[in-house]
Structures are given as C-alpha cells and as structure tokens.
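**Q** Now for the letters of each chain:
Number of protein chains: 4
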Amino acid sequence: MGKAHSNAWLKPPHFFDVPIKPVLKVACARNERDLREFADRWGWEEIETDWRKVVARDDIDIVDISVPPHMHYEIAVAAAKAGKHIFCEKPFALTVAEAQAMLDAAQAAGIVHYLNHNYRRAPAVRLARRLIDEGRIGRIFHWRGAYLQDWIVDPSFPLTWHLRQEIAGGGPLFDLNSHSVDLARYLVGEIRAIAAFTTTFIKERPLPGEGAATFTAGSGQTTGTGMVTVDDAAFMLAEFENGALGSFDGSRFAPGRKNYNTFEIYGSNGSILFNLERMNELQVFFRDDPAYAQGFRTILVTEAGEHDYVAAWWPPGHIIGYEHEFHHAVADFLTAIANQTSIEPNFYDGLKEIEVLTAARQSAETGQKVMLGG
Amino acid sequence: MGKAHSNAWLKPPHFFDVPIKPVLKVACARNERDLREFADRWGWEEIETDWRKVVARDDIDIVDISVPPHMHYEIAVAAAKAGKHIFCEKPFALTVAEAQAMLDAAQAAGIVHYLNHNYRRAPAVRLARRLIDEGRIGRIFHWRGAYLQDWIVDPSFPLTWHLRQEIAGGGPLFDLNSHSVDLARYLVGEIRAIAAFTTTFIKERPLPGEGAATFTAGSGQTTGTGMVTVDDAAFMLAEFENGALGSFDGSRFAPGRKNYNTFEIYGSNGSILFNLERMNELQVFFRDDPAYAQGFRTILVTEAGEHDYVAAWWPPGHIIGYEHEFHHAVADFLTAIANQTSIEPNFYDGLKEIEVLTAARQSAETGQKVMLGG
Amino acid sequence: MGKAHSNAWLKPPHFFDVPIKPVLKVACARNERDLREFADRWGWEEIETDWRKVVARDDIDIVDISVPPHMHYEIAVAAAKAGKHIFCEKPFALTVAEAQAMLDAAQAAGIVHYLNHNYRRAPAVRLARRLIDEGRIGRIFHWRGAYLQDWIVDPSFPLTWHLRQEIAGGGPLFDLNSHSVDLARYLVGEIRAIAAFTTTFIKERPLPGEGAATFTAGSGQTTGTGMVTVDDAAFMLAEFENGALGSFDGSRFAPGRKNYNTFEIYGSNGSILFNLERMNELQVFFRDDPAYAQGFRTILVTEAGEHDYVAAWWPPGHIIGYEHEFHHAVADFLTAIANQTSIEPNFYDGLKEIEVLTAARQSAETGQKVMLGG
Amino acid sequence: MGKAHSNAWLKPPHFFDVPIKPVLKVACARNERDLREFADRWGWEEIETDWRKVVARDDIDIVDISVPPHMHYEIAVAAAKAGKHIFCEKPFALTVAEAQAMLDAAQAAGIVHYLNHNYRRAPAVRLARRLIDEGRIGRIFHWRGAYLQDWIVDPSFPLTWHLRQEIAGGGPLFDLNSHSVDLARYLVGEIRAIAAFTTTFIKERPLPGEGAATFTAGSGQTTGTGMVTVDDAAFMLAEFENGALGSFDGSRFAPGRKNYNTFEIYGSNGSILFNLERMNELQVFFRDDPAYAQGFRTILVTEAGEHDYVAAWWPPGHIIGYEHEFHHAVADFLTAIANQTSIEPNFYDGLKEIEVLTAARQSAETGQKVMLGG
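Chains as they are written, first to last, in the numbering used here: chain A, 1 to 374; chain B, 1 to 374; chain C, 1 to 374; chain D, 1 to 374.
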C-alpha cells in the first residue's frame with residue numbers, strides 16, 4: 001500500500017492540472033530500516049516512526065492513513081483535530097462508534113476528508129453512475145455484487161493481521177464487502193435491511209514468521225498456530241431504501257478469482273455489468289434499443305472527451321490499470337482542498353459503510369434480518 | 001411445453017439405442033380445438049380432455065405431467081396409484097405435504113418417477129458433476145447460483161397463471177430457484193439452512209384476455225387488473241450440510257437476461273462456471289495447473305467419447321440446444337423403465353426441493369434464517 | 001451426414017407450417033448392411049445401393065445428395081435431367097466445368113435446386129444480413145473470415161477420403177473455405193480478385209483400415225501409408241467488387257478450434273462478429289450509438305417475432321443447435337417447391353463458389369493474384 | 001508520445017532496481033512554446049529546438065527518438081555516430097536502405113540500440129514466448145495477427161502526417177503491421193514469403209488546420225483538401241521459414257476496434273490467443289490436457305513470481321495498463337546499458353521488419369508473392 005500511495009502522490013501533477021503539487025514530506029512506519037529504504041526509493045524527504053509527531057507538525061497539510069483498520073480511528077481523530085486534511089484507507093473503522101467519532105472530528109475541524117474506495121473512480125464505474133443519473137437504467141430492481149479472491153485458500157497461508165478481528169475488523173465482510181457496499185451506495189442508494197451468512201473454512205493457521213507481515217501486533221511468535229478470528233467468506237442479502245433487492249458475495253475462497261470485484265445492476269430501462277479484472281470495460285444493456293438488436297454491449301471506457309479521467313491518459317483502446325484509480329482520487333482530493341469543497345466518498349460514507357457491515361455481522365450472529373438507520 | 005415434450009418423445013429413438021420405443025397415444029388438455037390441432041401436428045393418436053380417463057386406461061404406461069404446478073399433486077398421485085410411470089414437470093408441488101404424498105404414492109406403486117429438471121442432463125452439467133466426483137474441485141466452499149430472466153419487466157405484461165400463487169406455487173422462488181436448488185443439490189449436496197428476501201416490484205397487472213394463457217383458472221375476466229400474488233424476485237442465502245456457503249438469486253426482472261441460469265462452484269482444488277445461455281460450454285479452473293498457466297478454461301462440451309450424451313449427436317463444435325436436454329431425459333427415463341431401475345432427479349428430489357423453497361418463503365416472511373431437515 | 005439429413009427431413013413438419021410433408025422413401029448407399037440398419041433407425045421405407053435406379057423412379061420428387069464431392073456432378077446432372085428437385089451438399093463440385101454443367105442441367109430442367117450452405121440459415125447470420133440490408137453497417141470495408149478446426153492435427157489420423165484430392169476436391173480450401181466464401185458472398189458481395197497460400201503440414205498418413213471411412217474408394221488397403229493430396233490449410237486474401245478488402249483463413253490445424261466458423265464485417269456505420277460455436281449470438285457495433293456508450297453488443301438471437309425461424313422453437317434464451325439450420329433449410333426448400341420459386345444458395349452460388357476456390361488454388365500454385373469474373 | 005516517453009523515464013526507478021537512474025536533461029521539438037510547457041510539466045531540465053545540438057552535447061548519454069518515421073534515419077545515424085545509446089520509436093525507417101544504414105551505424109558505434117515495439121514486454125506476451133520456448137505449443141502451424149483501429153473512418157478526419165507516405169512511410173502497413181510483424185518474428189520466427197493486398201478507402205481528406213498536428217511539414221495550408229498517399233488497410237499472407245502459414249490484417253477502418261492488436265498461434269501441442277485491449281490476459285489451449293477437460297484457459301497474467309515484470313507492480317488481479325510496457329522497456333534498456341549487453345528488439349529487428357513491410361508493399365503493387373531474405 002505504501003508503494004501504491006507514494007506513486008499516487010507523485011504522478012497526478014504530470015497528468016492532471018492539479019492546483020496543488022504535493023510534497024512527499026514524511027514517511028511514517030514502525031520499522032525504521034524498511035522505512036528508510038522505502039523513503040529513499042520514493043523520494044520522501046524525511047522518515048518518522050511515531051505518527052503522533054508527524055500529526056503534530058505545522059508543515060504537514062495532508063495525512064494519508066494507509067495502516068490497518070484498527071489504527072484508523074486514533075490517527076484520524078488526532079489528524080483532524082490538528083487540522084490536517086485526511087486521505088484514509090478502507091475499511092473505515094472497526095465499529096460504528098469509531099466511525100461516528102471520526103466523522104464528528106472531521107466535520108468539527110472543517111477539513112477535507114476522503115475515504116479511499118478507489119473503485120468509484122474507475123472510468124467504467126463513473127460511466128455506470130452517469131447512465132443511472134441520466135435515467136438510462138431506470139428504476140433499479142437489483143444489485144448483484146461479488147468480490148471474490150483466492151489468496152488464502154491454502155491452509156498453510158499464515159495468520160497475518162488480515163485474519164485477526166482486533167486488527168482488521170473482519171475478513172471479507174470488512175475488507176471486500178466494504179468496497180461492494182460503497183459501490184452499491186454510490187450507484188443504487190442506501191440499504192435499509194440486511195441479512196448475512198458468514199463462515200470460516202480454515203479455523204487455525206500457522207503463525208507468521210517475524211517480518212512475514214508488518215502488523216502482527218508484536219507477539220514475537222514465530223512458530224505454532226493461532227486461531228483465525230475473522231470470516232473467510234461473507235454473503236449478504238440487502239433491501240435498498242428504493243426497493244431494490246440485492247446480494248453481496250464476498251470471499252477469499254474462490255480459486256481463480258484474483259481481484260474479482262464485480263457488480264450487476266438491473267433496472268426498468270437497462271442493465272449494467274462491471275468486473276474490476278477488466279476495469280476498462282463496462283457492459284450495458286438498454287431496453288430501448290430496437291428489439292431485434294438488443295444485447296449487452298461491451299464499452300471500452302477509454303475515449304477522451306467521453307469518459308471521465310481518460311483524457312489525461314492514452315489514446316482509445318490503450319488501457320489503464322489499478323493504480324490509475326488512485327491517481328484520479330489524489331487529483332480530485334487535491335482539487336477539493338484547493339477549492340475548499342468536499343469530496344466523496346468521505347467519512348460520512350465511512351460511517352454508513354460501517355453501519356451496514358456491523359448490521360451484517362449482527363445478522364450472521366443472530367440469524368435475523370437487521371433493519372438499518374431511520 | 002407440449003411442443004417440447006412431444007418432440008422429446010419422438011426423437012430419442014433415432015439417436016439413442018433406447019430399449020422402449022414410445023407411442024404417442026393420447027394428448028390431453030382442456031381446450032379441445034387447440035388440442036386437436038396440436039395432436040395432428042405431432043401425431044398423437046387420440047385426444048382427451050379429462051385426464052382421469054387417460055390415467056384409467058390400461059393401454060397407457062407412461063404419464064407425462066406438463067401442466068401448471070397446482071395440478072401436479074392430484075394427477076401424479078392418481079397416475080401412481082394406477083401404476084403408470086411418471087415424467088413430471090417442475091416445480092414439483094405447491095407444498096411439502098403434497099410433495100410427500102406424491103413421493104409416497106410413487107414409492108408405494110413401485111413406478112419409475114422422474115422430475116424434469118432437465119438441466120442436470122446438459123452435457124456441461126454432467127461434466128461438472130464428473131469433475132466433482134473425481135475430486136478435481138475438492139472440498140466445496142461456495143455455490144453461487146443465479147437464474148435471471150426479464151419477460152415480465154413490462155408492467156403491461158398480463159396477470160397470467162405464472163403470477164398467481166395458487167396455481168404456480170410462487171414466482172421465481174418456485175419457477176427459477178427450483179432449478180437452481182436442484183442443480184445445487186446435484187452438485188454440492190443438501191442444504192441445511194436458508195434465508196431469503198423476496199419482493200414483488202409490480203403488484204397489479206392487467207388481466208389476460210381470453211386465450212391469452214391456457215390456464216387462467218376460468219375466471220372469465222377479460223378486462224381490469226388483478227393483484228400479483230407471487231414474488232417477482234427471490235434471493236436466498238444457504239448453508240450446505242458440507243459447510244459450503246451459497247447464494248441463489250432468482251428474478252424475472254433482469255433486463256438482458258433471457259434464460260440466464262448460471263452457477264459458480266468454488267472448491268479447494270478448483271472452480272466451475274456454467275451459463276445455460278452458453279450451455280455447450282463449461283468453464284473450469286484447476287489449482288493444480290502450473291502456477292504460471294492457471295486460468296479458467298472454456299471447455300466446449302461436444303466431444304463424443306468424452307462428454308455424456310454427445311456421441312448421439314454431431315461432430316465436435318457442432319452444438320446442441322435446449323431441446324436436447326429433454327431428449328437425454330427421455331432416453332434415460334425409458335431405459336430406467338426397461339431396466340426397472342430408478343432415475344434422478346425423482347420425486348424424492350422433488351420433496352427436498354419443495355422443503356428448501358418453502359423454508360425460503362418462511363424466511364422471507366419472518367426475517368429469520370430457517371433450518372432444514374434433520 | 002445421413003443422420004443430419006434424415007433428422008432434417010423428419011422434423012420440420014412438426015415445427016413449421018410446411019406445405020409439403022416429405023416422405024422418407026429410399027435411402028441409398030453402397031454398403032447394404034449399414035444402409036439397412038440406418039434405414040430402420042430412421043424410418044426410410046426402402047433401401048437401394050445403385051443411385052441411378054433411385055433417380056430413375058417416378059415416385060421420387062426430391063434427391064438429397066449427401067455424398068463426397070466427386071460424386072455430386074454425376075448424380076446432380078442425372079437427377080436434374082430426371083426432373084427431381086435437388087438438395088445438394090457442399091462443396092458443390094470439383095471443377096468449374098462440373099459446376100457450370102450442374103447449373104445448366106438444373107436450369108434446363110426447371111427444378112428447385114439448393115446448395116446446402118446451412119449456415120446462411122442460422123438466425124444470427126440472417127440478422128447480420130438484415131442489418132446490412134437496412135444500412136446499419138453502411139459501406140463495407142472488411143470481411144475477416146476464418147474457419148478453423150483441429151481434427152487431423154494428430155499425424156496418426158488416417159488418410160480418409162477427405163484428404164484425397166480426387167474425392168474431396170481440396171482440403172480446407174474446399175471443405176471450409178467454401179462455407180466462408182458462401183457467407184461472404186451472401187453478406188458482402190462478389191469477389192473480384194483473390195490470392196492464396198496453402199500448405200500441407202503432414203504429407204503422409206496411415207491408410208485407413210476397412211470400414212474406417214465409408215468412402216475410401218474401395219482400395220482394400222488396410223496397412224501402409226499414403227500421400228495426402230489436399231491442403232491442410234488455405235489462407236486467402238480477397239478484393240470484393242464493392243471495394244471491400246477481405247481475408248479467409250481455413251485450417252484443420254488449429255488446436256482448440258472445433259467448428260470455429262467465424263466472420264467479422266466492418267463497415268462505415270458499424271461492425272458485425274459471428275462465431276458458429278456460439279451460433280445463437282451475434283455481436284454488433286453501431287457507430288451511431290452515443291459516443292460514450294458505443295461497444296460491441298452481444299445479441300442473443302432467440303426472440304420470436306424478431307429473429308428469423310426462432311418462433312418455431314423455444315422461449316427467449318433457450319438456444320438451438322447445429323441441426324436446426326438444416327431444419328430451416330428443409331422448410332424453405334419444401335416451401336420453394338410448393339410455391340415454384342427458387343431458393344438461395346443454389347447451383348448458381350455453387351458455380352460462383354467453385355470459381356473462387358479454383359482461382360485461389362491457381363494463386364497458391366502460381367504465386368500470383370487471380371482476377372475473377374468479368 | 002512525449003507524454004508516454006517522459007512518464008516512461010520517470011517511473012521505473014521507483015518500481016525496478018535499475019542500475020542507472022535517468023536524468024530528464026533536454027526535451028527537443030520544433031515548437032518552442034509547446035515544448036516549454038511540456039518540459040515544465042514533466043521536469044525536463046532544458047529545452048532545445050535543434051536536435052543536432054542535443055546530439056552533439058557531451059552530457060547526453062541516451063537519445064530517445066519519438067518523432068515521425070521520416071526523421072528516424074537522420075537522427076539515429078547522427079546519434080549513433082556521437083556514441084549515444086538510442087531508444088527509437090517504430091516503425092523503424094522508411095526504406096530498407098535507411099534501416100540498413102541505421103543498423104550499421106549503431107553496430108559500428110557499439111551503442112545499445114532499442115526499437116520500441118513495446119508490446120513484446122506485455123507480461124502476457126512474455127508468457128506466450130515462454131510457453132513456446134518450453135515446447136508447450138510445439139511445432140507452430142499458424143500465426144493469425146490482426147491490428148485493427150477505427151480512428152480515421154470518418155471522412156472528415158484531416159490529412160495528418162500519418163496519412164502521408166513521405167512522412168509516415170505507410171498507413172497501417174507500416175504503423176500497425178510493423179507491430180504485428182515484430183510480434184510474429186518474436187514468437188514464430190522469420191518470414192520467408194509474403195503477399196499483400198492494400199487499399200485506400202478515402203482518397204482525399206481535408207487538410208489539417210494549423211496546430212492540428214505537430215508534424216505537417218510546414219505547408220501552411222489550412223483549407224482545402226489533399227490526397228491520402230498511404231494505405232487505409234493492409235492485409236498480408238505469410239510463409240514463415242519454419243513452414244508456418246500466417247496472416248496479418250491491419251486496418252484503420254474497423255469500427256469498434258480501438259487498439260485491437262491481436263494474435264492467434266496454433267501449434268502441434270497447443271494454441272495461444274492475445275488481445276492487447278485485454279493485455280493482462282493470455283488465452284492458452286493445451287492438447288495434453290485430459291481430453292474431457294481441454295479448452296482455452298484465460299490466464300490473468302498478474303502473478304508476481306510467475307509472470308515477468310509483475311512483481312514490480314500490484315497484487316494478483318490488480319491490472320496494469322498500456323504505459324507499463326514502456327516502463328518495462330526502459331528498465332531493460334537501462335539495465336542493458338549498465339551491463340553493456342544488447343536488448344531486443346533492436347535495429348537488427350528494425351531492418352528485418354522493414355524488409356517484410358517493403359516486400360508486402362511490392363506484392364500489393366505487383367500482385368505477386370515476394371520471397372524474402374536468403
């Protein structure tokens with residue numbers, strides 16, 4: 001993530017007319033040796049192992065929080081109180097209480113706060129939103145989201161921090177479904193009821209060796225096994241406030257799916273399909289096409305002047321990749337700071353996301369459908 | 001359905017070495033004029049408007065029940081008692097009680113009973129089963145089934161019998177999910193818990209004109225509107241007895257999806273994808289392929305000698321269609337009769353299917369997860 | 001082929017309102033024992049090993065020629081002279097002289113003559129033609145045809161009649177490219193110049209054992225090897241009379257391609273893609289779609305009332321297969337006979353096809369572009 | 001191109017352990033105002049409008065030639081003589097004589113010379129090469145290359161330098177087929193004979209306004225029309241030295257194809273498919289898979305440790321884009337300089353490419369197959 005974020009701060013000024021040119025001032029992490037090497041490679045001017053010192057500095061305007069979820073709350077609140085604009089990784093927080101406090105702090109401070117659900121800024125996702133806004137999809141009947149990966153199918157995969165509830169907040173329920181919920185809220189609307197089934201297929205795993213994962217909470221253990229305390233898969237059903245019926249299937253146990261973040265949206269006028277592994281494409285079906293020529297069309301979302309962000313990059317058909325979504329986010333974030341406007345998704349979206357995910361956890365535990373909000 | 005079934009009885013003897021050659025003896029329906037034309041076209045020797053008379057005849061060995069679900073119970077029990085072998089359409093019955101009684105009658109009579117979930121006999125589905133049986137997929141983690149159509153999205157689509165609970169038993173919950181549940185049971189195993197959300201998007205529809213649908217239960221109404229009493233969409237979560245976590249999304253409100261009966265199966269050794277709209281293909285991922293060359297392969301399931309049923313048809317790459325699954329079913333059914341063996345799926349599978357679907361309905365009504373069987 | 005043709009004569013009267021109901025009168029082939037079994041299975045009333053006797057009968061109205069190409073000429077001319085309507089397999093003939101004589105005989109006799117390029121009657125291909133006729137594709141710039149298979153990649157595949165020039169007329173140049181040329185003529189127009197490269201990868205093969213292939217010209221040899229006298233692959237370039245630039249790639253040496261008969265058409269208003277292995281689909285791109293929403297759409301060509309022939313079959317999304325194209329051809333052929341009209345493609349198309357293929361052979365031999373027609 | 005190249009020089013040191021860190025010293029172009037803005041945005045230290053002065057400087061080690069083809073020869077020879085390492089855009093040169101002189105100069109100078117056929121460094125293309133090298137494809141029977149675009153279909157598209165023979169060297173014959181020929185040579189081998197058909201669909205176009213294109217050779221004309229002097233499409237047939245039979249279809253008149261650089265390779269053991277618009281994927285078919293489970297698999301070429309270059313980037317399934325191929329080229333080029341080794345493709349490959357393309361032009365003009373090399 002440090003690599004993705006550093007690159008994301010460096011590149012936008014070359015491609016976008018951003019009003020603020022970021023300076024890579026201080027890189028902060030616990031392991032000083034790794035941090036030094038990292039800072040050298042990317043051109044960070046200084047390093048620091050105590051994040052509190054960074055937050056306290058007057059010459060810092062932006063704090064980029066790309067640490068595991070359990071640290072978001074403390075850093076974000078401190079940074080907000082210090083008046084720093086915040087670029088925060090997801091999932092947003094461990095609990096609704098944390099999320100609410102983070103939002104409160106950000107609003108009280110009047111900072112620009114951004115939650116990095118970067119996939120909102122894939123040009124194809126923006127096109128999906130445009131089609132919905134223009135009425136081309138009509139009344140939405142269904143959301144079918146799935147975010148599937150396969151990186152922990154092997155039982156010998158170690159018990160990294162991602163598999164520990166107190167650090168990660170959850171398994172795919174938090175890590176993957178948070179993305180899907182954000183996209184669903186962006187494209188369909190708020191969720192009013194949720195049910196979920198979760199499961200943990202492999203309940204015990206080898207402890208990671210030293211250095212195997214940065215954030216192993218300092219146990220020092222390098223042998224033996226430990227209990228997985230998060231879900232391996234989390235499937236959810238949802239009713240949206242607008243009446244749409246939806247599903248979310250999140251799993252790290254889907255062999256062959258590497259970063260298979262997909263959604264299907266069906267509406268009274270048309271339908272939309274997206275797959276992050278083919279992120280330069282959007283599939284769309286329109287019911288108002290002539291009946292003999294209706295079909296899902298695959299739009300290559302690479303036309304400058306037609307598709308968001310694309311003018312900054314390459315000629316038609318010359319695709320962009322995962323990192324470009326970060327560049328779009330950074331460009332928009334810098335613009336929001338310069339213009340003193342807000343940006344979406346932000347800490348409010350983070351709160352809503354955590355409300356949905358914690359409701360889902362409650363449903364998985366109780367076997368009951370959970371109603372949201374009011 | 002009469003067309004599909006008539007064709008299904010005629011063709012297998014040409015392509016398969018069936019031990020019994022069916023004679024199209026009596027076609028039975030209510031509307032005598034339409035029935036006459038139908039029988040002439042297909043070569044049925046006689047027609048009859050009272051099914052009881054047909055069941056009572058000594059020269060009838062097989063009864064093919066392809067009427068709406070609410071009539072299955074009565075006809076099937078009567079036919080079984082009369083010792084006729086039964087080829088029955090799906091969904092099996094309206095209630096668990098009906099389903100149990102039908103199974104009991106069939107078992108008591110010692111007849112060959114078949115429930116026409118024809119998709120089990122797509123060569124691609126058979127290949128999926130073979131791969132699972134051989135251990136190529138390993139421990140199954142997930143079933144992701146979807147059966148999506150779009151034929152009633154238009155609010156002017158009339159209130160045919162499919163939209164009336166007392167005749168159809170349910171909307172997609174019964175009509176579509178029954179197929180998916182059957183495939184899931186065939187490929188993954190029994191379901192032990194279920195949760196469901198259902199919805200009806202268009203609650204009132206124009207009444208169909210006379211003749212607009214054969215089975216409008218004789219209301220005689222030709223104007224005005226009536227209430228839809230079934231679901232328009234039914235999404236379900238499931239836990240399988242083997243620990244797999246699954247989802248089933250059934251809807252008639254998915255524009256662009258015509259007969260989109262799909263499933264994804266993920267296991268510890270590999271994964272399988274199927275889409276009925278491309279029924280001659282199966283996609284498979286194997287984790288034991290060399291790491292640099294792993295990927296979902298698209299198998300064209302048209303190789304005689306390698307893929308079930310295919311030797312009867314055409315050279316490789318010359319695809320078959322929807323009707324061929326019926327032919328496979330009829331060929332197997334006739335063979336079972338000749339060999340005095342059973343065939344799957346049968347009335348037991350029908351009972352299990354109805355147990356799952358009624359549990360799902362209960363969950364949708366109560367907001368609670370429902371445990372099955374014991 | 002006997003299976004495909006018998007089935008093709010039997011089924012259409014059930015599904016189409018054909019004005020003539022064919023009677024399966026005489027099945028004719030050389031091997032009496034096989035013929036008897038075949039006739040019994042399919043319900044042919046009589047058998048005959050001498051085709052001349054069949055052609056001479058007064059009670060025969062239609063002759064279906066589904067023998068290897070080297071016999072087409074003699075049978076077709078005799079049948080035409082006897083006033084029989086002719087349903088003839090492809091490739092049409094061995095030489096332009098034969099083709100011209102066949103056409104002359106058919107025209108002189110005033111019979112209905114049909115050349116069975118069945119793929120013209122795939123609903124998707126008909127839709128392609130409709131789009132072109134309506135101007136939705138505009139001025140055609142390109143045809144890219146490929147017909148690829150892989151059934152003789154193994155050097156141990158025997159020297160069947162398909163690999164002998166004097167029987168088959170050619171390898172893929174005749175067998176596969178004849179189909180592509182027919183589709184190109186149907187959709188794009190006449191060809192005015194051609195260049196071709198051909199090659200034979202495996203020049204010697206084992207002779208087939210007795211019975212290994214029906215038409216091995218009676219050599220009686222069962223051991224040893226023989227020389228392949230046809231091409232294994234034939235790639236062609238073409239200029240069409242309307243200025244379009246095209247390519248045709250035909251090969252039996254394309255592993256993974258089973259019946260990969262594909263074409264791409266590019267025009268000033270749009271583009272079309274077809275793949276026979278997914279014959280129920282047509283992909284279409286329209287330049288007049290809004291720029292931000294252009295893309296190749298995949299049309300599922302299964303809508304009754306919208307797509308040709310489909311109303312006879314199943315509901316939307318319930319696909320048809322290879323054999324249905326034969327049924328469409330037979331239905332149209334019978335209608336043409338009843339209506340005393342002509343049908344396409346016919347012997348004129350056969351002549352044009354052979355002109356193109358023999359020009360291609362000449363180009364492959366001389367290394368020079370060959371101009372056609374005048 | 002300036003954007004792509006500047007970015008390509010900046011980014012590799014962050015992601016790869018390159019032994020040389022490039023300094024963006026001098027940006028050179030004719031239009032000083034545009035050049036200034038460009039240099040500022042990208043951080044070029046100086047600007048210069050006379051390339052000769054840059055080549056003469058002692059503090060320049062690398063010359064990156066990304067100007068239209070007609071200037072390659074002069075700059076490359078001068079740069080080589082000055083001992084600069086050269087990173088040269090494609091197509092390589094206008095004539096075989098130019099190409100030979102450029103190669104001679106580079107070899108005489110002992111510089112590292114690189115021809116930027118960047119697609120060789122797509123991880124998927126590298127995987128294709130690996131599979132071929134390992135024998136997984138076997139004896140290659142076929143190459144089917146196509147490079148299709150649609151950016152000049154509109155007759156109002158102006159007569160930019162790309163459409164002028166004296167500047168561009170050719171239309172798709174040079175611009176697109178050069179890429180395909182390079183990939184074919186990389187993957188299949190040398191070409192021994194070629195035939196080509198070319199055409200120009202739109203022979204006259206509006207002259208571009210001032211500033212509409214950088215390199216309009218100073219005509220000053222801003223109104224009226226001019227003649228297109230290059231091909232709009234160029235289709236070729238090829239025989240390879242190893243006996244493979246190939247085709248190359250290049251066109252700018254294929255609506256819906258944006259950067260559709262595709263190839264299919266068929267061999268005795270397997271087959272490979274690639275499409276640049278989905279450049280993170282490679283499709284592969286293996287004949288030694290079990291017969292019931294053979295099919296084209298889609299490999300997502302994003303596995304660090306398994307696929308070339310990927311370890312530098314993101315987790316599995318997080319795709320890269322067009323620009324990354326440039327980064328790979330720059331990283332390898334810098335490494336070659338540091339290690340005093342050569343890199344491919346280089347000026348020798350440029351010579352071979354131009355030999356093939358000029359032979360194709362000769363064939364298109366004469367209607368005769370042209371033999372290559374000796």
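It should be emphasised that the hints constitute simulated quantities derived from the structure, not laboratory data.
Among the hints, a few may not be true.
Repeated chains share a single entry, so a pair holds when one copy, or any two copies, can fit it.
Unchecked claim - No farther apart than 35 Å at their CA atoms in a straight line, the calculated lysine-lysine pairs in the DSBU-like style are these:
| hint | residue 1 | residue 2 |
| --- | --- | --- |
| 1 | LYS21 | LYS203 |
| 2 | LYS81 | LYS53 |
| 3 | LYS90 | LYS3 |
| 4 | LYS203 | LYS81 |
| 5 | LYS53 | LYS3 |
| 6 | LYS25 | LYS81 |
| 7 | LYS53 | LYS25 |
| 8 | LYS53 | LYS90 |
| 9 | LYS25 | LYS203 |
| 10 | LYS21 | LYS3 |
| 11 | LYS53 | LYS21 |
| 12 | LYS21 | LYS81 |
| 13 | LYS25 | LYS3 |
| 14 | LYS203 | LYS53 |
| 15 | LYS25 | LYS90 |
For clarity, every value in this text was computed on a predicted model and none was experimentally measured.
**Q** Each hint needs a verdict: does it hold in this structure or not?
**A** Now the hints, each set against the structure:
1. LYS21 with LYS203: Classified as neither: same-chain Cα gap 47 Å, cross-chain 47 Å, threshold 35 Å.
2. LYS81 with LYS53: Within one copy only: 14 Å inside, 56 Å across.
3. LYS90 with LYS3: both (16 Å within a copy, 32 Å between copies)
4. LYS203 with LYS81: neither (40 Å within a copy, 52 Å between copies)
5. LYS53 with LYS3: within (22 Å within a copy, 38 Å between copies)
6. LYS25 with LYS81: Within. Shortest intra-copy distance 20 Å satisfies the 35 Å Cα cut-off; inter-copy 44 Å does not.
7. LYS53 with LYS25: The answer is within: 13 Å in one copy meets 35 Å, while 38 Å across copies does not.
8. LYS53 with LYS90: The answer is within: 23 Å in one copy meets 35 Å, while 52 Å across copies does not.
9. LYS25 with LYS203: neither (42 Å within a copy, 57 Å between copies)
10. LYS21 with LYS3: Intra 19 Å, inter 18 Å, cutoff 35 Å: intra and inter.
11. LYS53 with LYS21: Both. Shortest intra-copy (23 Å) and inter-copy (33 Å) distances satisfy the 35 Å Cα cut-off.
12. LYS21 with LYS81: Within one copy, since 24 Å is at most 35 Å while 41 Å is not.
13. LYS25 with LYS3: So LYS25 and LYS3 pass the 35 Å test inside a copy (15 Å) and across (26 Å) alike.
14. LYS203 with LYS53: Close neither inside one copy (39 Å) nor across copies (61 Å); limit 35 Å.
15. LYS25 with LYS90: Within one copy, since 23 Å is at most 35 Å while 40 Å is not.
Violated hints, in rising order: 1, 4, 9, 14; the structure is consistent with all others.
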